[in-house]
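Chains as they are written, first to last, in the numbering used here: chain A, 6 to 244; chain B, 6 to 244; chain C, 6 to 244; chain D, 6 to 244; chain E, 6 to 244; chain F, 6 to 244.
Incorrect hints may have been included.
Remember, identical chains collapse to one label, so a pair may be satisfied in a single copy or spanning two.
Claimed, not checked - Restricting the straight-line Cα-Cα distance to at most 25 angstroms, the calculated cross-link-like pairs of lysine to any residue (SDA-like) are: (1) K227 to E189; (2) K27 to M223; (3) K27 to R7; (4) K87 to S157; (5) K227 to G113; (6) K61 to Q15; (7) K173 to S157; (8) K227 to E151; (9) K27 to Q15; (10) K27 to R17; (11) K200 to S187; (12) K36 to G24; (13) K61 to S187; (14) K173 to D108; (15) K173 to P53.
FYI, nobody ran anything at the bench for these hints, they're computed from the structure.
There are 6 protein chains.
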Amino acid sequence: MRPSGRALDQMRPVSLEIGFAKHAEGSCLIKFGDTHVLCAATLEERVPPWIRGQGKGWVTAEYGMLPRATNTRMQREAARGKQSGRTQEIQRLIGRSLRAVTDLEAMGEMQITVDCDVIQADGGTRTASITGAYVALHLALRSAVERGLLPSVPLIDQVAAVSCGLYKQNAVLDLDYLEDSSAEADTNFVLTGAKGIVEIQGTAEDSPFSEDQFMELMDLAKKGVAELVELQRQILELE
Amino acid sequence: MRPSGRALDQMRPVSLEIGFAKHAEGSCLIKFGDTHVLCAATLEERVPPWIRGQGKGWVTAEYGMLPRATNTRMQREAARGKQSGRTQEIQRLIGRSLRAVTDLEAMGEMQITVDCDVIQADGGTRTASITGAYVALHLALRSAVERGLLPSVPLIDQVAAVSCGLYKQNAVLDLDYLEDSSAEADTNFVLTGAKGIVEIQGTAEDSPFSEDQFMELMDLAKKGVAELVELQRQILELE
Amino acid sequence: MRPSGRALDQMRPVSLEIGFAKHAEGSCLIKFGDTHVLCAATLEERVPPWIRGQGKGWVTAEYGMLPRATNTRMQREAARGKQSGRTQEIQRLIGRSLRAVTDLEAMGEMQITVDCDVIQADGGTRTASITGAYVALHLALRSAVERGLLPSVPLIDQVAAVSCGLYKQNAVLDLDYLEDSSAEADTNFVLTGAKGIVEIQGTAEDSPFSEDQFMELMDLAKKGVAELVELQRQILELE
Amino acid sequence: MRPSGRALDQMRPVSLEIGFAKHAEGSCLIKFGDTHVLCAATLEERVPPWIRGQGKGWVTAEYGMLPRATNTRMQREAARGKQSGRTQEIQRLIGRSLRAVTDLEAMGEMQITVDCDVIQADGGTRTASITGAYVALHLALRSAVERGLLPSVPLIDQVAAVSCGLYKQNAVLDLDYLEDSSAEADTNFVLTGAKGIVEIQGTAEDSPFSEDQFMELMDLAKKGVAELVELQRQILELE
Amino acid sequence: MRPSGRALDQMRPVSLEIGFAKHAEGSCLIKFGDTHVLCAATLEERVPPWIRGQGKGWVTAEYGMLPRATNTRMQREAARGKQSGRTQEIQRLIGRSLRAVTDLEAMGEMQITVDCDVIQADGGTRTASITGAYVALHLALRSAVERGLLPSVPLIDQVAAVSCGLYKQNAVLDLDYLEDSSAEADTNFVLTGAKGIVEIQGTAEDSPFSEDQFMELMDLAKKGVAELVELQRQILELE
Amino acid sequence: MRPSGRALDQMRPVSLEIGFAKHAEGSCLIKFGDTHVLCAATLEERVPPWIRGQGKGWVTAEYGMLPRATNTRMQREAARGKQSGRTQEIQRLIGRSLRAVTDLEAMGEMQITVDCDVIQADGGTRTASITGAYVALHLALRSAVERGLLPSVPLIDQVAAVSCGLYKQNAVLDLDYLEDSSAEADTNFVLTGAKGIVEIQGTAEDSPFSEDQFMELMDLAKKGVAELVELQRQILELE
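Next up, chain A with everything else stripped away, as it sits in the complex (with noise of 0.2 angstroms):
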């Protein structure tokens, strides 16, 4: 029933690789299927000003695509002198789901930005840029450990992001640009590993849907969420 032959329930294949950027103090490339994003994670001692002071951390996200990284090259932000409405959304919403799972208080006067940029797009740019923006700042913030200025990693959960829709009346797991350009709802779930919930968003595109259609696109976000926080687990050796 899908485009791609893959179960109402079925994931993408999914890979994250550590280290990709040279210079970062952490860094993931993840790919949900064809949707690729380079995450890269920036540690600074110093804090923005509203926050200065106070002893506390900050973390907060930035987002980009490439211009081709659509089917139809789109014009370069930095080129048209403004971010866009949608990007603005997504970056806010990466730096939200990021903070969710952190300790400010336990990260004293440092600040991490991680830059998520969509090297290939299709479909749920913004879930697989939570999860792998999750895996870089979790290395970096290790790296603050090794280099003596944390005693410890201040997260409290890892955290993880998942669309789900309704696509031909059916609910789907992970939807990809196809599915998502012609799906009667969108859901963006975003859980920690103990299944609490960060962000929901969902849009009805067309007409809107029920209460027991939301609940189970829940629940696939439940399934689709504890595959990708355990393969963070795998890539971060956690115990």
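For chain A, the structure is supplied; the task is to place chains B, C, D, E and F on it using the hints.
Here is chains B, C, D, E and F on its own, set in the frame of chain A:
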């Protein structure tokens, strides 16, 4: 328990005043307690370039806040030279919510832009905006019917929105600013008259929340939206 | 002779309502007929960098219009990414007018910003803004006195403004939009309670006008401003 | 009494040099003492979109200052990314002044843009710009006549401008920078050859001024503009 | 003598990988040691307005760097709202270099845009970009031939680029970042397969250099470009 | 053979006039035939933040063109809201050229900004700018010596620039606009008084050129710069 003394499932006093903006094709001043939003709908007999020639219409929204709508003066976005990410996120949400209940095909090549300008803010500006924008949109479409541009109002259902949150670990309806700024979770529900889901946005502010808590919030939202939908019916004199 | 049926030297009904903006230190909703402007004054205990350390204060103003304040919707300046030349011209005028009656030395290092936002426009938005902004400024300074920040209100005089014009070769007072758009000359007078001149702006729209005509316009302005100053005295309960 | 030793009603030495800009259809380097402005008129056989198809023409102006035209270097507006409110105010004033003496209907669908660039500034740059821009405009229209595009020069009258002010409580003509920066009042008068009023801008710098003082300033302005109009006639060899 | 231990006339290991960007008509990931640039060519069957109707094509380029491509994170140009002078200089150079070997007349009304995005930077990003962009351009034109849009690939020659510099007074080939940041002179040579000169950019960093030194650098460049041109031939399987 | 009738190795008449800008610490109006550039140097006793505290100075340049300096009016960069890539490229080049002959250490914490504004353009504006900017810089530094801020002028050598090109396959010196727009190659040489190379920029406009042709161009450049350096010596009265 709530700073305002409201019951957990009690909305603030809501009022709707139509015809507030003399020039607009439809307008509504909506108040959720001390949150006041002026919604003004503009009807134009042309559509954006990317939809032209398809015989269908478009509904969009813009959002703004007067600089001193808030407790501390915010920089004027026009002076700053750009709209914030938050502003863009909200106006995209309002537009999607309105389109979800509009039969764009039945509109013909006509565009309606609803301006939602916050005159005074005390939390819940986006949900008040959606609820009031629906009324302004309805009135503008009704004026198109009166002018013979349309045979009937091309709206499939009503749409309204409310925020719910976890405040001191209680699920509460319609957060005001005091509650919002210290809530553990903040969710916005955009629902139709028939209780279909149009948009769900849920954010854990501090630590993740559980699926059970989320279901409690959704129940409150259904109650709140039902009240709003009834107020819309009264002011619009729908049967 | 006038579209509104007013006498040549008759102003539109003017009303002033104070305390409209809950959060502002001083606020005033002023109406010149169908022109409605919300003036909100913000008091901050710091001054711009270029005046710092001189022990004196600063008063400034910003001006905006809701997109559908006018008959045809105007593009939102925040979306367009810049303030028009007209907007900047008007807000500079409001600021200069307010400073002309303020004893900046007596203010100490304190800044007041008055936001003038046009909710509905029917000609004369700049003159209504100045007249209302004075009231908001006065109230904000009075609140500073009440909070013990100042020994007394550091205002030397009142200030108010009115437009006059040549309409069908007659000198008329307080142009509304219909008159303004076909006037032969358009002038704005900013005068003090003591009838001192603060600002004069006169523009021939089509063909030049004579000195005699200009003197007629100035006489009308003095009459109009006297009425406005009296209304300010009443609402502010000045002896 | 004046720093320059001039009589109260004495202008600075004024010179006009035409043909300064090789490429422009009309050009004039105007000097009011140490204030030097290069005015260059460009003629194009097309009009802005909003006037197209009406068979009439348009005259507009742009204004700029070289960064080191002034005593202290100002930031380059092109580098800063926007024109200041002052710049926009002045270029709008120049454009209106020129249009007031132009028969736009008689121009046909043709646009003239006059660039006024201040090479050196010593007060009065806007009045020198208007006076010189008229000459450049006249020459550009004359070249259109020579090329057979127009039967005759579509100008109704001449236009020139001068500033007057209250300096140490004396009314003085043509303020230079030293006087301008400590004047009690600063006014600009744009008048025609026939002494009609095109624009009046008067500003009290510190405390309001009286109607009598204003009339004194207007008398000085009439004297000054008469001299400028005569110099324009000579350089343009008008009979 | 060189920090990397390379011989004076030795390039870093160079690799070219084609087909890296799934959606692009032609793509190449080029590596000059630790400098990695993704070049993606987009083919569109329309040309910019200023060239339209002349029956000829256009080739252009855009350049960007991921924020953490460098040792210290750079601000994202899209967030900053404009491209730096350096970015614009480089993308103009890449475009000119490609056009110098393209027969624009033979292309017909078709445009190719090559995006060069630096994934990781270690000096020489502009020369790697030009060398890789040629490959992407060639592939995109080849795909146009395959789709029947062109009879043959309209390229006159190959083009490649390399930097040379004076490092500790020695002429060295292909500067890496360490060398570049302390070089006495930095030159970039863009040469064709036939050793024709397309672009030369030479800059003395500290003190001027001599004509003899310049000739030494040009000799190194010819050697380096010859190697790059050979690698291009291999990957493109040119005879 | 040349449109102007000049010999292949003949420059246009060059003139230098100093003291043109009354307010600037050093200024020079330079003419290369019909190309006229006003160079004005501003001395400030502070340096940019990134160099502060190192005890050394900075020299930088900005470049602009009056809108009607050219045959067809160009849009004003201040109105357009940004400087073009070409403008930024040129001003960076001027700054680098001046710094190459300045002993920044000997300057102390002082900055000189040279504004190069093209009053009229006929090709070669960047080379005229560099040549004139050197004179303005020299004068500004001399004024610093006169004011006791520096013991001597911290310039190591003179610097001047000239363009050479291939025009109808002949190497010609100092291209004017007519030649420049149809040249096969265009090169700019920035050389010192001692004939050291500061910058070389060479571009093939159409088809690549050979090393021999490049050497011919460099020989012409050395001749041209020698003449310019001599003119600089005369105007600056260097022994």
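Quick one: which hint numbers does this structure break? Sort them smallest to largest. 2, 4, 5, 6, 7, 8 and 15
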